[in-house]
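Engineer: Residues per chain, in single letters:
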Amino acid sequence: NAGVTQTPKFRILKIGQSMTLQCTQDMNHNYMYWYRQDPGMGLKLIYYSVGAGITDKGEVPNGYNVSRSTTEDFPLRLELAAPSQTSVYFCAGGNSGGELFFGEGSRLTVL
Amino acid sequence: GENVEQHPSTLSVQEGDSAVIKCTYSDSASNYFPWYKQELGKGPQLIIDIRSNVGEKKDQRIAVTLNKTAKHFSLHITETQPEDSAVYFCAASRTDSSYKLIFGSGTRLLVRP
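Sequence order for the protein chains is H and X. For what it's worth, my numbering labels the leading residue of the first sequence as 108, then goes sequentially. For what it's worth, my numbering labels the leading residue of the second sequence as 179, then goes sequentially.
Hints are computed from structural coordinates only; laboratory data are not their basis. A hint or two may mislead.
[What the hints assert, rightly or not] The calculated label-pair distances, taken between Cβ atoms and stated as ranges, are: (1) X:240 - H:110: 35 to 41 Å; (2) H:172 - X:223: 34 to 40 Å; (3) X:249 - H:116: 33 to 39 Å; (4) X:220 - H:180: 21 to 27 Å; (5) H:115 - X:260: 28 to 34 Å; (6) X:238 - H:189: 43 to 49 Å; (7) X:274 - H:172: 24 to 30 Å; (8) H:151 - X:217: 29 to 35 Å; (9) H:148 - X:288: 39 to 45 Å; (10) X:207 - H:159: 24 to 30 Å; (11) X:245 - H:119: 44 to 50 Å; (12) X:274 - H:135: 18 to 24 Å; (13) X:250 - H:216: 20 to 26 Å; (14) X:235 - H:158: 27 to 33 Å.
No residue lacks a Cβ here, since even glycine has one placed at the ideal position from N, Cα and C.
Next up, chain X with everything else stripped away, as it sits in the complex:
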């Protein structure tokens, strides 16, 4: 089955700097890669996703890149703000598998003011 590894487990950056979180996946048939943000005491919330027919996707300060050959994808947050502090999860699934998301272990991002 699918296995998703995520690094780093914790990341501390200065406000205004960029943050990068990386994930690798094992199932070459996976074709959907979302990123979720989880704030303290809340359920995860989708912030951006990418499908295997594109290599990069941007939404304001957030971007995701996908390298299908190497089976890895990354989340990039630019101009970080204190409200970006949260736990971020990557995930992978096949769209023909009822979107059974397999999650990485999470990255705790701290943005220092």
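For reference, chain H alone in the conformation it holds in the complex:
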């Protein structure tokens, strides 16, 4: 099992560009999450999903969109990238007991 796989690992964007961070999991978890991690600030929840076709906002959803068409995939879309979106993004799958399994992260820089 690969667990949670995120791509790309690194990306540089220009202000105003758009991109999609890909996340896929092979653990058959219903729950999936996107967090961003800024230096010294912990992890902030962007969006989450409790199953295919269902998504909801977290603490910091502005500037992002998600979709969950399958159990396995939970892509995060950035429209009109801004310097404030420079961060490390983590996708996670969650089991029914509450344990989150994180990917290795995607480092995004917006210049």
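Once you've looked at the hints, dock chain X against the given chain H.
Structural biologist: For chain X alone, kept in the frame of chain H given last:
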């Protein structure tokens, strides 16, 4: 909404000593409190968790205590080893909220050989 505060932000201990990290939470309805360890360049990994129906839980050198009245919980690591050096995050959530974890800001633990 929930707010989790974590202290200290950095902690340096001698190998073999104990380390304690403390967190407070604001939502009295929170009932699930996990701790995650993040090594450099990796995603966080669950090391121990506690639910609000117990006051303490141990797993070898790691223990977590919970005080529901005061709304705080702590991570205790005994006999620290250099491989314990990492960033540790506490978190809180309600189990009826799809386990939307709200994280503390993290503690960077350095264990000096």
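Engineer: State for each hint whether it applies.
Structural biologist: Taking the hints in turn, this is what the structure says about them:
1. X:240 - H:110: 35 to 41 Å: Since the Cβ atoms of residue 240 of chain X and residue 110 of chain H sit about 22 Å apart, the hinted range of 35 to 41 Å is violated.
2. H:172 - X:223: 34 to 40 Å: Given about 28 Å between the Cβ atoms, the range is violated.
3. X:249 - H:116: 33 to 39 Å: For residue 249 of chain X and residue 116 of chain H the Cβ distance comes to about 38 Å; the hint holds.
4. X:220 - H:180: 21 to 27 Å: At 22 Å between Cβs, range holds.
5. H:115 - X:260: 28 to 34 Å: Since the Cβ atoms of residue 115 of chain H and residue 260 of chain X sit about 32 Å apart, the hinted range of 28 to 34 Å holds.
6. X:238 - H:189: 43 to 49 Å: Once the Cβ atoms are compared, 45 Å apart, the range 43 to 49 Å for residue 189 of chain H and residue 238 of chain X holds.
7. X:274 - H:172: 24 to 30 Å: About 26 Å separates the Cβ atoms of residue 274 of chain X and residue 172 of chain H, which means 24 to 30 Å holds.
8. H:151 - X:217: 29 to 35 Å: Once the Cβ atoms are compared, 20 Å apart, the range 29 to 35 Å for residue 217 of chain X and residue 151 of chain H is violated.
9. H:148 - X:288: 39 to 45 Å: Since the Cβ atoms of residue 148 of chain H and residue 288 of chain X sit about 20 Å apart, the hinted range of 39 to 45 Å is violated.
10. X:207 - H:159: 24 to 30 Å: holds (28 Å)
11. X:245 - H:119: 44 to 50 Å: holds (46 Å)
12. X:274 - H:135: 18 to 24 Å: Since residue 274 of chain X and residue 135 of chain H have Cβ atoms about 22 Å apart, the given range 18 to 24 Å holds.
13. X:250 - H:216: 20 to 26 Å: Since the Cβ atoms of residue 250 of chain X and residue 216 of chain H sit about 37 Å apart, the hinted range of 20 to 26 Å is violated.
14. X:235 - H:158: 27 to 33 Å: For residue 235 of chain X and residue 158 of chain H the Cβ distance comes to about 29 Å; the hint holds.
The structure shown violates the earlier hints numbered 1, 2, 8, 9, 13.
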